[in-house]
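Undergrad: Work from the hints to combine the two standalone chains into their complex.
Here the protein sequences come in this chain order: A and B. To get my numbering, take the position in the first sequence, counting from 1, and add 27. To get my numbering, take the position in the second sequence, counting from 1, and add 20.
Hints are computed from structural coordinates only; laboratory data are not their basis. Don't take each hint at face value.
[To be verified] Derived list of chain A stretches under chain B, where covered just means 3 residues or more per stretch with a C-beta under 8 Å from a C-beta of chain B: (1) 113-126; (2) 196-204; (3) 208-219; (4) 251-258.
[Unchecked claim] Selected chain B positions facing chain A (Cβ under 10 Å, derived; list incomplete): (5) Ile84; (6) Ile86; (7) Gly99; (8) Tyr100; (9) Ile105; (10) Arg114; (11) Arg116; (12) Asp117; (13) Gly129; (14) Leu225; (15) Val227.
[Stated by the list, open to error] To give an idea of the interface, some chain B residues facing chain A are shown, with a C-beta separation under 8 Å as derived from the structure: (16) Pro102; (17) Ser110; (18) Leu111; (19) Pro112; (20) Leu121; (21) Gly125; (22) Leu130; (23) Pro131; (24) Leu132; (25) Arg157; (26) Leu191.
Even glycine gets a Cβ: it sits at the ideal position worked out from N, Cα and C.
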Amino acid sequence: MTGLHALLAAVLAPGFLANGPVRTALIVGGGTGLVAAVVGVFTVMRGQSFAAHALGDVSSAGGSASYLLGVRPMLGFIGMAILAAAGMEWADIQDARERDLVTGVVLGAGMALTALFLYFDARSGSASGAAISILFGSMFTLPASIAVPALGAGAVAVVTIGALYRPLLVSSLSAELAAAQGTRVRLLGLAHALALALAVSLSAMTVGAILSPALLIGPAATALRLARRPGPAVALASLLGIAAVWGGILLAYDSYYWTPGHGWPVSFFIVFLIFLGYVAANMASGSRTAADVSRAEPHCSRCEQD
Amino acid sequence: MKSATEVLSIDHLTVALSGRTVLRDVSFSLSPGEFCALIGTNGSGKTTLLKTILGLVRPQSGTIRIATAADRDAASRIGYVPQKISLDPSLPLRARDVVSLGMDGGRLGLPLPSRERRERVDRMLDAVGATGFAERRVGDLSGGQQQRVLIAHALIRRPSLLLLDEPLANLDIRSVAEIVVLLRRLATEYDTAILLSAHDMNPLLPVMDRIVYLANCCAAAGKPEEVVRTEVLSRLYGYHIDVVRVHGRVVVIAAGAPDEIHAAIAKDPIHTAEIP
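Same shape as in the complex, but just chain B (with noise of 0.2 Å):
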């Protein structure tokens, strides 16, 4: 069962880049084993609080805690797949290597192999459904594959927290399902906490167990239920929003908003929600 400490707890966060305010304020905590989906429109700030969790950006005021497990080594305490690799099919790297770089690819020196090596980079392998084509290099496997394998190269060192930029991005819809349900079962088989953004929150709903919602540099978070709602919504665009349930779906529509806006979101398909 899940204990009772946090993986994660970020208070009070503030983020300036090269002078603007990117988050502000922003407040959210995750458990062992959770599940939470980070949903915003590009540019409001998703990459941005991924990176300061990483510690590549440095926050202007607030705090992020990251705790991790005593059984777990403090070094790998996160575990990352970044936005928008692109990966050369000229790499010389299979997959399997790819996933073998994850354990220990900020080390000097050349690595030894050894049969301890090899069998934990299998069950690795093995446990993101990667076997398949752990010997084929990774630049000529599909988007999904290779998603699979960066998760993979993320895990082994079995981080308490798990951050993912964008992954379901460029994903044809049953890759999506098929990553969505493993990252599913390695947050409960891993006991590790998932950090996934993403710009459309369908696909995440039926997985999610918290949400953090993006807009106007801040942040909504806790429960589905609790955050998809008219009023929290509307509180944090600034104006009026409506989430209507349709055919148990749901919509978030921006009704009431300043002509600018309207024309932002001409450009930015509204999202639609279907809860669970």
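Isolated chain A, as found in the complex (with noise of 0.2 Å):
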């Protein structure tokens, strides 16, 4: 043991673990990065990244009205997004360019309220800081008191993508394939949205309602470009969602250090880290499809299939 915090005392700046608001922040970071990367795989491949990235949105309109009634920002978040979330799978437009239209324009509805809810938070006064902590994020303001509800309802969004797994691998098929072996695929839509809802929600609260979708899309999509099989590529994305996270803590807390005083928003930290494993990852396999095509060359399709 003592080897192992020598160890950690050389990689992590002093009272790194020992401070309670960074432990709250690793804890529900971490459930959050783990929640929103298992839920964003199946997000990616049901191509809904655009409605994740508007259920965020929309969900700060519940997180700012919090504020105002007195209630938990996380009831707020969740409410709305759960009831947004609801609404677009009611609507089960199947045009892509009407959902998306559709999509926008609730998009701009919420951040209207959520505009106006913000208003009224500053003029009460009830709420300094209230703006960036729900828009951006602030983790280490997260209280301890959040960590169990929070990670019940991760608990929530990744048990029901476990139960569903084979039947929303199918539907990423083909909805007819899913529906013709006995799935209902609406009930599917649904309850798959349900557990976005809820991660969208716990990302909101993390690293803020306008970065939220980073987290859902970023370890996915990431994960997506490595992996050739489901299961990994799930396991990868909620390492890579986890990593993530806690590199932009740590990073964040030693930035307290470079200038004194005044650290970096760990929303900030996050989201880059995710942004570079995307990039990076983009570039490996796209080295990789390079040497596949040109070792696959030589031979004609009739021997492929031979």
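TA: As structure tokens, this is what we get:
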């Protein structure tokens, strides 16, 4: 144990793990990174990245309203996200252009409400810094009491995705194929939307509503670039999600020592790490694809099929 | 040999979609192992008929009976290959995973890997000639290879009836021939009746046992030599049709049709057919 402590002391800034807010951030943030990655893999496969983005923005209306109502921001985020997710599935718009359009309009309406509620928040003076906290996150101010409900909500999302693992995969191939196997496709879509709403809410609480899509889509998209199979894709996305959040927290904590007294925002580090990971994966998979093509070239399609 | 019981029997089926009649009084039946072509132009109701058989569309009237052999699982009596699936190259699914999902893709919970499961998938991949690309991402495969994988996905539960919606569309000529020969062999080996929709009957004539020809919301069904005839198709279309045999090929010509139908036919190529 002393060896481990010595190692940690060398890597981590003084007091990192002993610090209460840091511990809460590590627990809630790490859990959120995991949940967002697991749900995100299926969201990306279903082609609903934009819906995830819109849900993050719309959920911020709930988060900002919660300050006015005097309830926990988490309840506000989750309530609003579930409402919006259920509404989107209920509308069941098949045409992709039409769906993008409606999603965009709903997203705008959500942000308008957020603007209104944040204005009231600022006037009432009950919640200074609510705007930054809701839009861009402030992980180090999360109360320790949030850990249990947040991880509970995350567990519901992960268990839902785990239970629907196979029907979700089949419907990502083709909704008709899933329907032919007896899956109730709209119910499946609704269950995925509810899991997505929970993941989005957790992300919005930790890295902020505006940045939440990065946590949902980034690790998932990176893993989907690299993995050929669904199980490893989910596992890799989870690892990347947790690594990005913990890495971001560590860097943000360290940044207090770079410019004494003024740490940089943790959300910046997390999202930037995710971005760098995605770019690296693209470069790696791009060169791999090129190698595959050059290797495949001498064979004709006939030989391949025989 | 073929048993006397019919796998599929459709009786006086009428289907309407949002108030418009798509199929009227359609009747036909299929025996185990039979290969049946479902022929008609775009919008003639082929997809609607297949979806009604699958239970995804409710008929207005008529009955559909699907018999299940005693040795088969009732829940898996129909296999299905849908139309125009576009498989995204980013899907993290190998050909093998897609076939495996045909076995239990509707179940809840995580799949447990087992040797028996892997061997069953291996056998199915081998049966459709997909062993060579089993480990590749399904989105990276060619159209013909993807069709083989989807056929394996549909067949792995050994259904007594296999429905395929335009599986030959967008394939090159050689892939069409290969898929047709493969399906004919599988129908016999698995004793599975096949109902395959296509707008062109030509590539199917050497292998089909029966044909269901859709036009004007109605169907003419029977053996190819009974259906692809001047008087039968004329009655079906409601105007004079010539079925002409030239150099061993059969050409279906709409001659005495009204002007609007001429215009419609100009947009859709005339069916040519070769009777074996």
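Undergrad: Which numbered conditions among the earlier hints are violated in the structure presented, ordered from lowest to highest?
TA: 1, 5, 6, 14, 15, 24 and 26
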